[in-house]
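Heads up: the sequence lines are chains E and D, in that order. Just so it is clear: in the first sequence, position 110 is 159 by our numbering, and no numbers are missing. Just so it is clear: in the second sequence, position 95 is 414 by our numbering, and no numbers are missing.
Keep in mind that the hints were calculated from the coordinates and are not lab data. Any given hint could be a false lead.
[Unchecked claim] Per label pair, the in silico range of CB-to-CB distance:
#1 E:Gly269 / D:Lys372: 32 to 40 Å
#2 D:Gln422 / E:Ala305: 25 to 33 Å
#3 D:Phe343 / E:Ser80: 29 to 37 Å
#4 D:Glu342 / E:Ser315: 16 to 24 Å
#5 E:Ser272 / D:Ala361: 19 to 27 Å
#6 E:Arg316 / D:Thr344: 56 to 64 Å
#7 D:Lys355 / E:Met109: 28 to 36 Å
#8 D:Asp418 / E:Ser163: 21 to 29 Å
#9 D:Phe343 / E:Ser315: 24 to 32 Å
[Stated by the list, open to error] Here's a subset of chain D near chain E, in silico, CB distances under 7 Å, partners left out:
#10 Leu368
#11 Lys372
#12 Pro383
#13 Gly385
#14 Thr397
#15 Asn399
#16 Pro405
#17 Gly406
[To be verified] Taking lysine to any residue and the SDA-like style, the derived pairs with C-alpha atoms no more than 25 Å apart in a straight line are:
#18 D:Lys348 / D:Pro405
#19 D:Lys348 / D:Lys363
#20 D:Lys404 / E:Ser272
#21 D:Lys363 / E:Gly293
#22 D:Lys348 / D:Thr395
#23 D:Lys348 / E:Ser102
#24 D:Lys348 / E:Ser267
#25 D:Lys428 / D:Glu353
#26 D:Lys366 / E:Ile135
#27 D:Lys404 / D:Asn393
#28 D:Lys404 / E:Ser267
#29 D:Lys363 / D:Gln422
#30 D:Lys404 / D:Leu368
#31 D:Lys363 / D:Asn393
#32 D:Lys428 / D:Pro405
#33 D:Lys428 / E:Ser102
#34 D:Lys404 / E:Pro258
#35 D:Lys363 / E:Gly104
#36 D:Lys363 / E:Ser267
#37 D:Lys348 / D:Lys404
#38 D:Lys363 / E:Gly114
#39 D:Lys366 / E:Tyr217
In this text, a Cβ means the ideal position worked out from N, Cα and C, and glycines have one as well.
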Amino acid sequence: MFAAALIVFRESLEASLIISIMAAATLGIASRGRWIAAGILAGLAGAALVASSMGLISDMASGVGQELFNAGILILAVGMLAWHNIWMSIHGREMAAQAKSTARAIHDGSRERSVIFMVVALAVLREGSETVLFLYGLATSSEDGLRNTVGGGLSGLAAGLLVGGLLYAGLLRIPLRWFFSITGVFVLLLAASMASQAARFLIQADLLPSLGAPLWDSSGLLSQTSAAGTLLHGLIGYEAQPAGMQIVFYVAVVLAITAGMRWVNSRGPVRNSAQPA
Amino acid sequence: MKRLLSIALLSFAATTAFAAADEFTLTIKDHAFEPKEITIPAGKKIKLLVVNKDATPAEFESKPLGREKVIAGNSTGTVNIGPLKPGRYPFVEEYHENDAAAQGTIVVK
């Protein structure tokens with residue numbers, strides 16, 4: 050029962066942090082709650098599907114199908130987060146002004162809603178498929194049986210959601226002037242972290258050289274399996290023993306998204322958003 | 320620059336082809352690893368074949384190696400490892416990582 054709680058907590062924590070950051074970063078977009086909920090449901094359905102065909106996926110692409118699949122999901126999510134951040138750097142101030150008076154909806158937020166949906170669905174899909182497999186394995190193999198597994202799984206899920214909820218509540222307390230800059234930094238680091246994980250799968254598939262494996266080892270300083278290490282891994286992609294290529298991907302994504310945000314901002318003020326904050 | 324790139328690509332392809340020769344097998348049965356310790360050469364790429372003889376899925380995971388792979392029940396997964404520096408690299412079967420039987424080590428010499 051404890052094993053079930055722990056694993057589900059760890060997997061749901063990562064998804065929960067991503068959802069909380071997205072929910073905070075899209076504050077003020079009309080009916081974003083419904084899009085988040087739809088994303089979670091789609092992600093869960095996808096996770097069940099992926100889990101049931103994991104053997105098939107693994108055998109594809111001469112044995113590295115699973116690695117390519119995981120890297121693909123992560124890269125897609127990085128792309129959506131990049132687009133989100135660049136879009137928000139234009140519309141963030143506009144929405145900051147309207148966030149507190151929810152009467153008016155952002156009329157061109159419709160594309161942003163599909164980004165919310167996709168990012169949430171992909172996060173749940175990726176973390177969820179491992180969880181589904183684990184619970185299936187535990188329920189059929191252990192003496193604990195189904196009831197204890199479900200009980201443990203649910204308490205792990207509740208704990209994961211609680212930490213995500215605390216993060217969301219914390220983000221909401223940030224003064225509005227800084228709110229979109231700070232959530233933007235969170236989304237940026239989240240994208241970089243996902244890119245670094247994608248690099249890890251591509252190294253594992255033997256498609257990329259590792260460039261130093263590991264490049265450094267800080268596990269003595271902060272173990273990745275400790276509570277703080279797990280949280281930092283979910284938030285900014287902390288790894289105690291990263292490969293050099295992961296750092297290259299991380300830094301490249303940070304630079305690319307930052308450059309994209311600068312570029313759209315330098316193209317001149319967008320209507321209604323030119324007033325100083 | 321172009322020549323440098325093609326040399327890099329060629330040597331990369333060469334090491335990849337070379338790596339296919341070295342294969343090591345790790346078996347999972349009743350959520351236990353056999354053998355618990357595998358010794359591999361330093362500075363070389365190897366393929367680790369993880370054979371899951373249980374009916375339920377297993378996940379080979381190693382934080383020090385930066386590897387994680389789900390292996391379906393009664394099937395075999397391939398995990399590419401290395402080139403590595405000499406040392407000890409622990410791994411676990413993530414779904415049962417607290418059981419001593421589901422923990423093992425790759426020794427690089």
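Structure-based check of each hint:
1. E:Gly269 / D:Lys372: 32 to 40 Å: About 36 Å separates the Cβ atoms of glycine 269 (chain E) and lysine 372 (chain D), which means 32 to 40 Å holds.
2. D:Gln422 / E:Ala305: 25 to 33 Å: Check failed, 39 Å falls outside 25 to 33 Å.
3. D:Phe343 / E:Ser80: 29 to 37 Å: Since phenylalanine 343 (chain D) and serine 80 (chain E) have Cβ atoms about 53 Å apart, the given range 29 to 37 Å is violated.
4. D:Glu342 / E:Ser315: 16 to 24 Å: This hint is violated: roughly 54 Å between Cβ atoms.
5. E:Ser272 / D:Ala361: 19 to 27 Å: Given about 25 Å between the Cβ atoms, the range holds.
6. E:Arg316 / D:Thr344: 56 to 64 Å: holds (58 Å)
7. D:Lys355 / E:Met109: 28 to 36 Å: holds (31 Å)
8. D:Asp418 / E:Ser163: 21 to 29 Å: violated (44 Å)
9. D:Phe343 / E:Ser315: 24 to 32 Å: Because 54 Å falls outside the window, the suggested range is violated.
10. Leu368: It is violated, given that the least Cβ distance between leucine 368 (chain D) and chain E is near 10 Å, above 7 Å.
11. Lys372: Hint on lysine 372 (chain D): violated, closest Cβ of chain E at ~13 Å, above 7 Å.
12. Pro383: holds (5 Å)
13. Gly385: Holds - the Cβ of glycine 385 (chain D) comes within 7 Å of chain E, reaching about 5 Å at its closest.
14. Thr397: With a minimum Cβ separation of about 4 Å from chain E (threshold 7 Å), the hint on threonine 397 (chain D) holds.
15. Asn399: holds (4 Å)
16. Pro405: Status violated, d = 13 Å.
17. Gly406: violated (10 Å)
18. D:Lys348 / D:Pro405: The given pair, whose Cα atoms are some 28 Å apart, is violated under the 25 Å limit.
19. D:Lys348 / D:Lys363: Violated: lysine 348 (chain D) and lysine 363 (chain D) sit about 28 Å apart, past 25 Å.
20. D:Lys404 / E:Ser272: Given pair lysine 404 (chain D), serine 272 (chain E) holds - Cα atoms ~20 Å apart, limit 25 Å.
21. D:Lys363 / E:Gly293: Status holds; Cα separation ~17 Å.
22. D:Lys348 / D:Thr395: holds (12 Å)
23. D:Lys348 / E:Ser102: Since the Cα atoms of lysine 348 (chain D) and serine 102 (chain E) sit roughly 22 Å apart, the hinted pair holds (cutoff 25 Å).
24. D:Lys348 / E:Ser267: violated (33 Å)
25. D:Lys428 / D:Glu353: At roughly 20 Å apart (the allowed maximum being 25 Å), glutamate 353 (chain D) and lysine 428 (chain D) satisfy the hint.
26. D:Lys366 / E:Ile135: violated (41 Å)
27. D:Lys404 / D:Asn393: violated (32 Å)
28. D:Lys404 / E:Ser267: holds (16 Å)
29. D:Lys363 / D:Gln422: Holds: lysine 363 (chain D) and glutamine 422 (chain D) sit about 23 Å apart, inside 25 Å.
30. D:Lys404 / D:Leu368: holds (21 Å)
31. D:Lys363 / D:Asn393: Answer violated: lysine 363 (chain D) to asparagine 393 (chain D) is near 29 Å, above 25 Å.
32. D:Lys428 / D:Pro405: holds (5 Å)
33. D:Lys428 / E:Ser102: Since the Cα atoms of lysine 428 (chain D) and serine 102 (chain E) sit roughly 37 Å apart, the hinted pair is violated (cutoff 25 Å).
34. D:Lys404 / E:Pro258: holds (15 Å)
35. D:Lys363 / E:Gly104: violated (28 Å)
36. D:Lys363 / E:Ser267: holds (24 Å)
37. D:Lys348 / D:Lys404: violated (29 Å)
38. D:Lys363 / E:Gly114: Roughly 23 Å separates the two Cα atoms, so the pair holds.
39. D:Lys366 / E:Tyr217: violated (43 Å)
In this structure, the hints that do not hold are numbers 2, 3, 4, 8, 9, 10, 11, 16, 17, 18, 19, 24, 26, 27, 31, 33, 35, 37 and 39, in rising order.
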